[in-house]
Amino acid sequence: MSEIPDAAQLLQVATSGLRDARAWRAVGYLMTGPVATVLMFVGAVVTLSFSLALCVIGIGIPLTVAALGFVVGLTGIERQRVSWLGEAVPGRELSDGSLIDRFKDRNRWRHAGFAVSAMFPALLAFVAVVVVWAVPIYFLTVPTWSWAVDAISWPETIGLAIAGAGLLCLAPWASLGIAKLLASYTTLAVGPDRLAQMEQQVTNISQNRAEILAAVAAERRRIERNLHDGVQQRLVALGIDLGLAESKLETDPDGARALLDDAREKTRASIGELRVIGRGLHPAILGDRGLDAALSSIVSDTSVPVELRSNIAVNPPVDIQEAAFFVVSEALTNVMKHSNARLSVVDVTATATEVEVSVYDDGTGGATMTGTGLAGISARVRGMGGSFDLVSPPGGPTTVAVVLPYDPPSGQTGVL
Amino acid sequence: MRAVVADDSVLLRDGLVRLLAEANVEVVAAVGDADALVAAVDQHRPDLAIVDVRMPPTHTDEGIRAALHLRATMPELAILVLSQYVEERYASELLAGDTAGVGYLLKDRVVDVSEFLETVRRVADGGSAVDSEVVSQILQRSRRRAELDRLTAREREVLGALAEGLSNKGIAEKFVISQGAVEKHISNVFSKLDFELEDNAHRRVLAVLTYLNSA
Numbered sequence: 001m002s003e004i005p006d007a008a009q010l011l012q013v014a015t016s017g018l019r020d021a022r023a024w025r026a027v028g029y030l031m032t033g034p035v036a037t038v039l040m041f042v043g044a045v046v047t048l049s050f051s052l053a054l055c056v057i058g059i060g061i062p063l064t065v066a067a068l069g070f071v072v073g074l075t076g077i078e079r080q081r082v083s084w085l086g087e088a089v090p091g092r093e094l095s096d097g098s099l100i101d102r103f104k105d106r107n108r109w110r111h112a113g114f115a116v117s118a119m120f121p122a123l124l125a126f127v128a129v130v131v132v133w134a135v136p137i138y139f140l141t142v143p144t145w146s147w148a149v150d151a152i153s154w155p156e157t158i159g160l161a162i163a164g165a166g167l168l169c170l171a172p173w174a175s176l177g178i179a180k181l182l183a184s185y186t187t188l189a190v191g192p193d194r195l196a197q198m199e200q201q202v203t204n205i206s207q208n209r210a211e212i213l214a215a216v217a218a219e220r221r222r223i224e225r226n227l228h229d230g231v232q233q234r235l236v237a238l239g240i241d242l243g244l245a246e247s248k249l250e251t252d253p254d255g256a257r258a259l260l261d262d263a264r265e266k267t268r269a270s271i272g273e274l275r276v277i278g279r280g281l282h283p284a285i286l287g288d289r290g291l292d293a294a295l296s297s298i299v300s301d302t303s304v305p306v307e308l309r310s311n312i313a314v315n316p317p318v319d320i321q322e323a324a325f326f327v328v329s330e331a332l333t334n335v336m337k338h339s340n341a342r343l344s345v346v347d348v349t350a351t352a353t354e355v356e357v358s359v360y361d362d363g364t365g366g367a368t369m370t371g372t373g374l375a376g377i378s379a380r381v382r383g384m385g386g387s388f389d390l391v392s393p394p395g396g397p398t399t400v401a402v403v404l405p406y407d408p409p410s411g412q413t414g415v416l
Numbered sequence: 001m002r003a004v005v006a007d008d009s010v011l012l013r014d015g016l017v018r019l020l021a022e023a024n025v026e027v028v029a030a031v032g033d034a035d036a037l038v039a040a041v042d043q044h045r046p047d048l049a050i051v052d053v054r055m056p057p058t059h060t061d062e063g064i065r066a067a068l069h070l071r072a073t074m075p076e077l078a079i080l081v082l083s084q085y086v087e088e089r090y091a092s093e094l095l096a097g098d099t100a101g102v103g104y105l106l107k108d109r110v111v112d113v114s115e116f117l118e119t120v121r122r123v124a125d126g127g128s129a130v131d132s133e134v135v136s137q138i139l140q141r142s143r144r145r146a147e148l149d150r151l152t153a154r155e156r157e158v159l160g161a162l163a164e165g166l167s168n169k170g171i172a173e174k175f176v177i178s179q180g181a182v183e184k185h186i187s188n189v190f191s192k193l194d195f196e197l198e199d200n201a202h203r204r205v206l207a208v209l210t211y212l213n214s215a
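Heads up: the sequence lines are chains A and B, in that order. Following my numbering, the numbering of the first sequence begins with 1 at its first residue and continues without gaps. Following my numbering, the numbering of the second sequence begins with 1 at its first residue and continues without gaps.
I should point out that these hints are in silico values taken from the structure, not numbers from a laboratory. A virtual CB, placed ideally from N, CA and C, is assigned to each residue, including glycine. There may be inaccurate statements among the hints.
Each computed DMTMM-like pair below joins lysine to aspartate or glutamate, with the alpha-carbon atoms no more than 20 Å apart [unchecked claim]:
hint : chain 1 : residue 1 : chain 2 : residue 2
1    : A       : 180       : A       : 20
2    : B       : 174       : B       : 147
3    : B       : 169       : B       : 125
4    : B       : 174       : B       : 133
5    : A       : 337       : A       : 362
6    : B       : 174       : B       : 199
7    : B       : 192       : B       : 173
8    : A       : 248       : B       : 112
9    : A       : 248       : B       : 14
10   : A       : 248       : B       : 115
11   : A       : 337       : B       : 8
12   : B       : 184       : B       : 149
13   : A       : 337       : A       : 307
14   : B       : 184       : B       : 173
15   : A       : 180       : A       : 87
16   : B       : 192       : B       : 147
17   : A       : 248       : B       : 22
18   : A       : 248       : B       : 118
Over 10 Å on every C-beta distance to chain A, these chain B residues come out as not near it, computed from the model [to be verified]:
hint : residue
19   : 15
20   : 22
21   : 42
22   : 45
23   : 70
24   : 84
25   : 89
26   : 111
27   : 143
28   : 172
29   : 183
30   : 191
31   : 196
32   : 200
Computed Cβ-Cβ distance ranges for the label pairs, DEER-style [claimed, not checked]:
hint : chain 1 : residue 1 : chain 2 : residue 2 : range
33   : A       : 309       : B       : 112       : 52 to 58 Å
34   : B       : 72        : A       : 250       : 42 to 48 Å
35   : B       : 88        : A       : 307       : 46 to 52 Å
36   : B       : 112       : A       : 370       : 38 to 44 Å
37   : B       : 85        : A       : 93        : 49 to 55 Å
38   : A       : 369       : B       : 72        : 39 to 45 Å
39   : B       : 88        : A       : 308       : 55 to 61 Å
My request is simple: use the sequences and hints to build the entire structure.
Below, the structure written as structure tokens:
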């Protein structure tokens with residue numbers, strides 16, 4: 001059952017605008033507009049015309065570039081003024097380059113154009129906001145003098161007063177609207193270049209995609225290598241054992257038996273090898289028991305002693321777990337193969353928002369991105385919106401540090 | 001017979017040495033890379049070299065290049081190249097020119113001990129050997145479709161066996177038919193395909209392969 005709003009409540013709502021601080025700040029922004037923009041206009045015109053005039057002799061060019069810099073600073077002040085309404089308008093990137101490049105930079109001249117033109121909308125807005133307040137105030141003051149004037153009757157006076165009150169209540173919102181309109185001019189003129197930002201993002205994504213594809217290809221080659229060097233060779237040797245055993249069955253049964261024992265040993269070794277390769281691809285234990293267990297399993301199977309410090313408060317999402325596992329596995333392989341280290345430390349910390357992985361070894365350092373599978377991890381990690389750092393001065397020690405956020409921050413490539 | 005074995009896998013080297021010992025082939029050196037192979041051949045002057053295609057450092061074609069080098073510098077040396085995969089290009093490089101005492105086999109063949117040892121003997125005696133996998137790929141890809149279609153199934157098999165480097169006797173044993181039958185098949189094949197053939201087993205290999213690879 002809704003209550004019929006009483007007069008007091010209606011009054012509250014109506015006058016809420018007058019009590020809103022934002023509205024008053026908007027009024028302040030608009031009232032100071034003309035002064036600020038005129039000063040900006042003068043500053044820009046004086047410096048630019050002086051320096052442009054000197055362009056006939058060489059010195060004008062660097063002077064103009066300096067003047068443009070000054071103008072950009074002035075527009076920066078105007079951008080800051082918009083913070084009265086909420087947030088300041090962010091600037092846009094200006095290209096750095098040779099003097100001539102900066103002289104010809106369209107963006108800088110765009111700032112100059114704004115500096116010179118901004119006072120016109122500011123003046124209009126000023127007039128508008130004055131009207132928006134002056135009219136209702138005037139109406140409200142009518143009763144004070146209308147009694148002296150015959151032309152205006154009492155009903156008209158009261159009508160005007162009421163209208164004035166109403167308009168006064170609307171004035172704050174109108175002011176806010178006008179202020180926002182004026183600010184949008186600033187944003188459009190000298191605010192961030194959305195198009196350039198998106199173009200940059202597309203470039204970043206394409207590059208990352210190329211890196212990921214290369215990493216995937218390299219990984220496939222690596223798998224082929226592991227299978228070829230390990231399992232296939234073993235199976236051929238196994239076949240020889242069996243072939244020889246077969247040929248000796250009648251003539252030399254003891255010899256045949258020895259060969260069959262050998263064959264069984266080779267079979268066992270092949271199975272083990274396949275298990276290791278499978279674990280490098282996707283460890284089953286990761287799915288069964290989680291990251292901690294999976295890490296313990298690789299860390300125990302190494303030629304260099306590895307200390308595992310795992311701080312897993314919350315189990316991360318599955319794809320992050322896999323990536324973290326893969327980082328450790330790859331980094332440890334490098335430690336075993338290239339570092340001549342005596343000790344390695346694997347540090348894995350999982351919080352509610354991200355996983356940090358670092359693999360340290362006290363070996364000979366000098367690790368680079370090529371030929372070590374690190375390029376692959378790096379591309380994969382960055383493709384997930386994470387970060388990758390390699391510190392490996394010659395002589396060591398080496399640290400590989402990776403951060404994997406759960407939800408990639410917006411504006412980054414969150415695509416694997 | 002004295003042989004040198006070159007393969008980067010210790011397991012496989014061991015296996016080959018044992019295998020060859022069964023056939024009373026003396027392995028005078030077993031090495032793991034191309035440079036060691038050339039040095040060993042130089043030092044021991046064996047009758048036969050068994051070489052893996054892929055060896056350190058790049059694991060691509062070190063074996064083939066060493067084999068070609070040895071062909072040029074020591075033509076009387078018989079060379080059998082073993083490969084994990086059918087690398088047709090390497091096979092054709094090896095077989096270009098003189099095919100006497102040259103062979104290209106998949107490592108899989110090694111597992112069939114008696115057949116492998118047969119092939120080793122054949123190559124060491126100056127014959128040739130082309131893996132049947134390689135031959136069947138060449139047959140499949142050959143643009144001589146029309147001519148090949150004129151052959152019967154058995155004739156096509158005989159053609160394949162010729163390309164592998166088998167002698168008439170070898171073909172007879174392989175298909176368990178008489179040598180007379182083999183000779184008949186061979187002459188049918190060549191009249192249907194319309195080209196001249198010699199009796200010499202290893203020269204036949206090159207002739208057949210050349211024929212099949214042309215259009």
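Hint by hint, here is what the structure shows:
1. A:180 with A:20: holds, 15 Å
2. B:174 with B:147: violated, 24 Å
3. B:169 with B:125: Distance ~15 Å between residue 169 (chain B) and residue 125 (chain B) Cα, so the pair holds.
4. B:174 with B:133: holds, 16 Å
5. A:337 with A:362: holds, 14 Å
6. B:174 with B:199: holds, 18 Å
7. B:192 with B:173: violated, 24 Å
8. A:248 with B:112: holds, 14 Å
9. A:248 with B:14: holds, 18 Å
10. A:248 with B:115: holds, 15 Å
11. A:337 with B:8: holds, 18 Å
12. B:184 with B:149: OK: residue 184 (chain B) and residue 149 (chain B) at ~18 Å, within 20 Å.
13. A:337 with A:307: holds, 18 Å
14. B:184 with B:173: Distance ~15 Å between residue 184 (chain B) and residue 173 (chain B) Cα, so the pair holds.
15. A:180 with A:87: Satisfied, since the Cα-Cα distance of roughly 11 Å is no more than 20 Å.
16. B:192 with B:147: With Cα atoms ~7 Å apart, residue 192 (chain B) and residue 147 (chain B) stay inside 20 Å; holds.
17. A:248 with B:22: Roughly 10 Å between the alpha carbons, so the hint for residue 248 (chain A) and residue 22 (chain B) holds.
18. A:248 with B:118: holds, 17 Å
19. 15: violated, 4 Å
20. 22: Nearest chain A Cβ is 6 Å from residue 22 (chain B), so the label is violated.
21. 42: Label holds. Min Cβ-Cβ 27 Å, cutoff 10 Å.
22. 45: holds, 27 Å
23. 70: Holds, because the least Cβ-Cβ distance between residue 70 (chain B) and chain A comes to about 23 Å, which exceeds 10 Å.
24. 84: Non-interface label on residue 84 (chain B) violated, nearest chain A Cβ at 6 Å vs cutoff 10 Å.
25. 89: Check passes; 18 Å lies beyond 10 Å.
26. 111: violated, 3 Å
27. 143: holds, 31 Å
28. 172: Residue 172 (chain B) clear of chain A: closest Cβ-Cβ about 23 Å, beyond 10 Å.
29. 183: holds, 32 Å
30. 191: holds, 40 Å
31. 196: Consistent with the label, residue 196 (chain B) stays out of reach of chain A, its closest Cβ about 39 Å off (over 10 Å).
32. 200: holds, 31 Å
33. A:309 with B:112: 52 to 58 Å: Holds: the Cβ-Cβ distance is about 54 Å, inside 52 to 58 Å.
34. B:72 with A:250: 42 to 48 Å: Cβ of residue 72 (chain B) to Cβ of residue 250 (chain A): about 45 Å, so the range 42 to 48 Å holds.
35. B:88 with A:307: 46 to 52 Å: holds, 51 Å
36. B:112 with A:370: 38 to 44 Å: holds, 42 Å
37. B:85 with A:93: 49 to 55 Å: holds, 53 Å
38. A:369 with B:72: 39 to 45 Å: Distance hint for residue 369 (chain A), residue 72 (chain B) holds at roughly 41 Å.
39. B:88 with A:308: 55 to 61 Å: Hint violated: Cβ distance 49 Å, outside 55 to 61 Å.
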